[in-house]
Structure formats: C-alpha cells, structure tokens
Amino acid sequence: MSDMSLWPPDWPRVHGGPLASGEFRMTPEDFIVEEVFDFAPEGQGEHLWLWIEKRDLTTPEAAKHVARVCGVRPRDVGYSGLKDRVAITRQWLSVHLPGRDAPDAFAVQLSDVGIVVLDAQRHPRKLKRGVHRTNRFTLRLSGEVASHPDLACRWRTLCTVGVPNYFGPQRFGREGRNLVLAQKAFTRGWRKRDDPHGMQLSAARSFLFNEVLAARLRAQTWRTPCPGDVLTLAGTASRFVADEIDAALHERAARGDVTPTGPMWGRGRLESVAEVAEEETRLAARHEALSLGLEAAGVRMDRRALCVPLDAPSLEHDAPDRVTLGFGLPRGAFATSVLRELMHHPLL
Numbered sequence: 001m002s003d004m005s006l007w008p009p010d011w012p013r014v015h016g017g018p019l020a021s022g023e024f025r026m027t028p029e030d031f032i033v034e035e036v037f038d039f040a041p042e043g044q045g046e047h048l049w050l051w052i053e054k055r056d057l058t059t060p061e062a063a064k065h066v067a068r069v070c071g072v073r074p075r076d077v078g079y080s081g082l083k084d085r086v087a088i089t090r091q092w093l094s095v096h097l098p099g100r101d102a103p104d105a106f107a108v109q110l111s112d113v114g115i116v117v118l119d120a121q122r123h124p125r126k127l128k129r130g131v132h133r134t135n136r137f138t139l140r141l142s143g144e145v146a147s148h149p150d151l152a153c154r155w156r157t158l159c160t161v162g163v164p165n166y167f168g169p170q171r172f173g174r175e176g177r178n179l180v181l182a183q184k185a186f187t188r189g190w191r192k193r194d195d196p197h198g199m200q201l202s203a204a205r206s207f208l209f210n211e212v213l214a215a216r217l218r219a220q221t222w223r224t225p226c227p228g229d230v231l232t233l234a235g236t237a238s239r240f241v242a243d244e245i246d247a248a249l250h251e252r253a254a255r256g257d258v259t260p261t262g263p264m265w266g267r268g269r270l271e272s273v274a275e276v277a278e279e280e281t282r283l284a285a286r287h288e289a290l291s292l293g294l295e296a297a298g299v300r301m302d303r304r305a306l307c308v309p310l311d312a313p314s315l316e317h318d319a320p321d322r323v324t325l326g327f328g329l330p331r332g333a334f335a336t337s338v339l340r341e342l343m344h345h346p347l348l
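One point on numbering: in the working numbering, the residue at position 206 of the sequence shown is 206, and numbering is uninterrupted.
There could be a bad hint or two in this list.
[What the hints assert, rightly or not] The calculated lysine to any residue pairs, modelled on SDA-like cross-linking and capped at a C-alpha distance of 20 Å, are:
(1) LYS184 x VAL36
(2) LYS184 x PRO8
(3) LYS128 x LEU97
(4) LYS126 x VAL36
I should point out that these hints are in silico values taken from the structure, not numbers from a laboratory.
All values reported here derive from a predicted model rather than from experimental measurement.
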C-alpha cells in the first residue's frame with residue numbers, strides 16, 4: 001500500500017454505519033458454517049471422502065491430522081474451501097487410499113483432536129479447491145446490536161438488496177500485515193517459495209477489489225449496471241459486457257438476475273470498457289506497487305461480483321441480548337462482510 005498508516009481503510013457500508021456494538025464468535029458454537037455441494041460422492045473410487053465436523057481447527061490443520069492418521073502425505077488430502085479456526089465447520093475432505101481401507105479406529109483418533117467423521121464415501125477423484133457451491137452460516141450475535149430496535153429492519157433490507165461482496169478482514173491479517181508483506185515481496189520480486197500458499201498475492205488482489213467496490217458503493221452504483229460494466233449472471237460463471245443500459249437491464253439487476261463485477265487484478269485484459277475501465281485502472285494506479293507487483297508475479301486478471309444475495313435468510317431472537325442469523329453465501333463470499341453491515345466490532 002502507499003501508506004499503511006491509513007489502515008484500516010474507510011470502506012463504506014450500505015447504510016453508512018453499523019447499528020451498535022456487539023460480539024460474535026465468542027465460542028466456536030457461535031459461528032457454524034457448512035459447505036453445500038451440487039453433487040455427492042459416487043460410492044466407488046481411489047479416494048475416500050470424509051464428511052467431517054471440526055472444532056477449533058483450521059482446514060489445513062484438519063487436513064494434516066487426517067493425513068497423519070491415514071498414513072498418507074499431506075498432498076494426498078484434498079479440500080474445497082478454507083474454513084475458520086474459531087468455529088464449528090462441516091466440510092468434505094478427500095484422502096487418496098487406492099486399493100486399501102482407512103486404518104482401523106481412524107475416526108476415534110480424529111475425534112481426539114476435534115474432528116468428527118460424520119460420513120465416509122468413495123469417489124474416483126480428489127476433492128479440488130473451490131468446487132462447493134455455497135456456504136451455509138448460522139451465527140450467534142450478542143450485546144447491544146441484538147436488542148437494537150432497527151436490527152430487524154436493517155436485516156430485511158440486506159435480504160432484499162444483498163450485501164457488498166467485500167473481502168473480509170481476515171484476508172489482510174492483523175493491522176493489514178499481509179499487505180505489508182505483499183508490498184515488500186513485490187519490491188524485491190515475488191517468489192513462490194516465500195509465499196507458497198499465495199497469501200500475499202491474495203491479500204493484494206483482495207485489497208484492490210475492495211477499493212473498486214468501495215468507490216462504486218460511494219457512487220451508489222454497486223448494484224446498478226453502468227455502460228462498460230462486466231455483468232455476471234446469477235448462479236453462473238457467465239459474464240458479458242453491458243455496452244448499452246436499458247430499462248430491462250436495470251430491472252434484471254434489481255431482481256438480482258445480473259450483477260456488476262469488479263476486477264481481481266492481474267496480468268491480461270481488463271474486460272470492462274469505457275468509463276468503467278478507466279475508473280478501475282485509475283484506482284489500481286493509486287496502489288501501483290500492488291497492481292504492478294501482481295502483474296509481474298503472473299497472476300491472471302479475473303472478475304468478482306460486487307454484490308451477493310443472502311440465500312434463505314433468517315433471524316431469531318434467542319434472548320433479549322442474543323440473536324441468531326442464518327443465511328447462505330456463494331463460495332468465496334465472507335460472512336464477516338454481512339456482519340459489518342449490522343454491528344461494530346474490532347475484527348470487522
């Protein structure tokens with residue numbers, strides 16, 4: 001970044017600010033997330049897929065435990081999404097076990113480290129990253145926000161218009177540390193061996209995307225197609241450039257059938273055109289060290305929706321100062337970006 005003393009950035013919210021202070025994820029039981037897939041294991045094949053529930057573990061930590069207990073290399077264990085540590089999460093992991101069964105009592109050994117095996121099925125292929133469709137969240141909030149008189153109204157608005165698809169603060173590290181590391185890496189030349197999981201690249205791309213989304217939110221065009229926008233069709237990976245904007249396209253955007261996108265910066269064609277492309281390029285140039293560093297590292301340009309809908313949302317008051325939210329989000333969207341529209345918290 002050009003000036004890390006400006007961290008945290010002042011990225012706007014839909015309503016201008018949170019309702020009140022509150023707490024979330026005080027215990028793992030306050031933050032429950034479950035992956036949702038469009039398919040199921042076939043019941044035969046070289047890979048054993050494990051439907052697990054983990055508590056107080058990151059996904060890579062859980063994968064390492066599974067590899068150890070099953071006697072395989074860590075790279076022989078696959079998973080679709082990275083899930084938080086302080087949470088209860090349910091997700092599939094795959095283990096490459098050609099021609100043999102899992103060790104006896106492997107489920108008992110995993111339970112000793114906080115992993116419960118809920119199901120086990122065979123499948124021909126390893127589980128790859130990013131193949132689940134959505135994540136289903138059940139979050140418990142407490143404190144002033146839970147009893148705020150406007151909470152239900154604010155929640156209904158988000159259910160109607162959707163949520164800004166910001167990358168959450170966990171992507172950037174404490175006080176933006178991952179961005180500092182990215183800037184240092186780009187100055188000397190990014191090397192994969194120094195950033196094997198791409199954390200620095202991801203933080204830089206996420207920051208630049210959030211900057212574009214913030215500008216569109218300030219202009220009140222984060223849900224509204226503009227000439228030159230790249231629009232994505234709801235529930236698909238299909239995209240098209242909106243050369244002309246008419247009433248029918250505005251109506252489709254209002255229904256959530258199409259959504260404007262912003263750039264995930266990298267090398268290649270921007271896709272957007274006209275004034276939209278000029279603005280996206282201008283915002284990237286404000287943080288030249290990051291944008292040029294991503295290009296030099298060979299990251300490929302991509303797009304991401306500016307707005308995401310809440311799937312099957314619910315709100316229930318468990319007590320005067322406690323509320324439970326339920327909702328689904330597309331893969332890659334952050335539940336913390338939903339919470340920041342409702343409440344003030346140091347981690348939001």
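Structure-based check of each hint:
1. At roughly 37 Å between alpha-carbon atoms, LYS184 and VAL36 are farther apart than 20 Å, so this suggested pair is violated.
2. With a C-alpha separation of about 19 Å, the suggested pairing of LYS184 with PRO8 holds against the 20 Å cut-off.
3. Proposed proximity of LYS128 and LEU97 is supported: the alpha carbons are some 16 Å apart, at most 20 Å.
4. For the given pair, LYS126 sits about 17 Å from VAL36 by alpha-carbon distance, which is consistent with the 20 Å threshold.
The structure fails to meet hint 1 from the earlier list, while all remaining hints are met.
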